[in-house]
Structures are given as C-alpha cells and as structure tokens.
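S.K.: Sequence:
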Amino acid sequence: MNGLFDTRFFLDSKLILTELGYLDIYLLSLAGISMGLFIAKQIWYRTVDPVAVVDPVEPTVEKLVEEPVEPAVVEEEIFVVPPSAKEDPVVAPIPVPVPVSRAGRSENMFKRVVEEPIVEEEKSRRIVYIMDVSKSLSAGQFALCKSELTQALKELPESTEYQVIFFSGATWFAHQRMIEGGKKGENVVIRDGDKIVTWNSGFGEFRFEKGNHNLPEGEWRKATKENIDASLKDVEEVKRSFGTTWHLPFMLAMNLETVPTEIYFLTDGETAHQNLVAEGIVDMVKSIGPETQIHTRALMVPKAAEPLRHIAKETAGEYLLIDLNVV
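Converting from the sequence shown to this note's numbering requires adding 3 to each position, the first position being numbered 1.
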C-alpha cells in the first residue's frame with residue numbers, strides 16, 4: 004500500500020512525534036495552516052480586485068462621510084439637506100431640503116433641477132413617481148421622502164396624469180395596501196379593493212403569484228383635487244418593508260394603459276447585480292416607450308451611482324445624488 008497510509012511512513016511519523024513531542028507538532032501545524040490561509044486570502048483579493056490592499060468588507064461609505072461634500076466642486080447635481088434632518092421627525096419637523104446645483108436653485112427631489120421649455124400640450128404629460136419604502140431608510144429619510152413627494156403631488160397641474168408606485172422587495176401602486184408580510188423571508192400580500200394578490204418570497208427575490216411578466220395593468224389618475232388628496236393619504240400611510248428590487252416597479256410602470264412620459268425613481272439602496280439590472284431596465288423601457296424619460300435620485304448611495312446615472316443618461320433623464328447628511 005502506497006501514499007499516506009504506507010507502513011514505513013506511519014512508523015517514521017511516530018518516531019518524529021516521539022522526538023519532538025505532540026505539542027510541538029500541534030503548534031507547527033497551526034502555524035502552517037494560518038500561513039496557508041493568509042496566502043490564499045491575499046491571492047483571492049488580487050484575483051477579484053488587483054488593486055485591493057485592504058479588506059473589501061470595510062465600508063467605503065464611512066470614508067465618504069468623513070470628508071464633507073463640497074458642492075462647489077462637484078460635477079453632478081447634489082442635494083444637501085441641513086444637519087437638522089438628523090433629528091427625530093416626530094420631535095422636530097423635517098425642513099425642506101436645500102439642493103445645491105450648478106444653477107444654484109432650490110428644487111424638490113421629485114422635480115427636475117434643469118427646467119425644460121414649457122410644452123403647450125401639457126395634457127400629454129404622464130408622470131410616475133417610484134418611491135423606495137425599504138427598511139434601510141432611516142426615520143428621517145423616510146419622513147423627508149414623504150414630504151417631498153407630497154409637495155410634488157400638490158403642485159401637479161390638473162391636466163397631468165400620474166401614478167405613484169411603492170417598492171421594497173415587492174412592488175405595488177400607492178392606492179393598494181400591504182396587508183401581510185414586510186419582514187425578511189415573508190410573502191407579501193397586497194389588497195386592491197376586493198382583490199388580493201401575493202408576492203412570493205424565496206431565494207432572495209420576490210415573484211408575483213402569476214409570474215413577474217403577468218403583472219396587473221394599472222390606470223392613470225388625473226391630478227384632480229379628489230385624486231391628489233387620496234394619493235396624499237396613500238403616501239402618509241405607507242410603511243417601510245424588507246427588500247430593495249429595482250426592476251419590478253419599472254415593469255409595473257410600463258404596464259400602465261399608456262406608457263409614461265416621465266418616471267422619477269428614488270432609492271436609498273443597492274440591488275443585486277445592479278449594473279445588469281440597470282441595463283435591463285433601460286432596454287425594457289426603450290422597447291416599450293422610447294420617449295420615456297427616467298430621472299434617478301440616489302439617497303446617499305455612492306455605490307449605486309454608476310447604474311443610476313446610466314439609466315438617466317440612456318433615457319435623456321436627470322440623475323441626482325442626494326446628500327441627507329444622515330449617518
């Protein structure tokens with residue numbers, strides 16, 4: 004018999020154990036294992052990221068927070084909200100954000116910073132507001148997003164058609180209600196009047212009960228006082244829930260009876276395979292509504308900047324990185 008179980012090898016090993024002692028051999032073995040793991044770890048880092056010199060688990064966001072953003076030298080549009088936004092919104096009302104842009108104008112995050120020429124046929128505008136309601140939003144961020152969306156809805160011309168879509172892991176129209184789920188691993192049940200639908204959670208994703216390519220068709224709402232008041236109540240009552248899935252709310256928006264002219268997409272978190280997801284969103288929107296513009300807003304998500312900027316650029320939209328100064 005050859006190899007590790009050879010009789011001579013076994014006897015030689017026993018002799019070595021006798022001369023050096025079991026403790027010495029044990030310590031030498033541990034040292035060898037540790038050195039092997041260290042070398043393997045360094046090789047893996049350089050294989051994944053040739054320029055990595057530190058543990059990639061170390062959060063890069065903290066480094067960005069340590070160095071305050073100087074709006075005057077930033078090349079992209081950035082909203083800077085006063086530090087008072089850190090306070091509990093129940094104790095102190097969240098102030099209206101003061102965006103800093105190249106034009107030096109104050110704008111709502113659900114409106115364009117760069118004004119477009121006035122279009123005579125205003126009635127042709129169809130706007131979808133997609134708002135992130137994931138649990139990663141802080142209380143201050145969530146209250147501020149609600150406040151901004153509320154203000155944007157109040158200012159819509161009555162001739163405008165609009166819809167509001169919420170998303171976390173699942174997605175739904177604002178007038179619908181989540182009646183079950185919202186925690187990690189739970190299915191999400193949505194009620195729309197007498198209709199009940201379910202989003203099934205599994206393997207890190209959510210799937211509509213009839214398949215993600217069979218989402219319900221939505222209807223546009225005219226920006227009448229009655230409809231706006233109802234939507235304001237929807238925004239007020241929505242709660243945070245688990246997950247962040249970018250593409251599902253876009254699929255819901257593009258499944259409206261007629262395609263949107265504009266989509267505002269606000270998120271505070273990354274999503275899995277976000278570069279591929281962003282490319283897929285662009286392809287889908289262009290194939291269904293080539294003229295649809297997507298305006299993306301990132302709430303303190305530097306790592307999501309590139310895919311969100313790509314979505315806006317490829318659809319002639321506007322990208323903004325919104326600094327809420329909330330750590």
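If you're looking for bench data, these hints aren't it; they were derived computationally from the structure.
We treat Cβ as the ideally placed atom computed from N, Cα and C, and that holds for glycine.
Heads up, some of the hints might be wrong.
Simulated restraints on C-beta separations [claimed, not checked]:
1. E183 to T274: 21 to 29 angstroms
2. R210 to K289: 19 to 27 angstroms
3. K316 to K186: 16 to 24 angstroms
S.K.: Decide, hint by hint, whether the structure agrees.
M.R.: To see whether the hints hold, each was checked on the structure:
1. E183 to T274: 21 to 29 angstroms: Hint holds: Cβ distance 23 angstroms, inside 21 to 29 angstroms.
2. R210 to K289: 19 to 27 angstroms: Holds: the Cβ-Cβ distance is about 24 angstroms, inside 19 to 27 angstroms.
3. K316 to K186: 16 to 24 angstroms: violated, 36 angstroms
Going down the numbered hints, you'll see the structure goes against just number 3.
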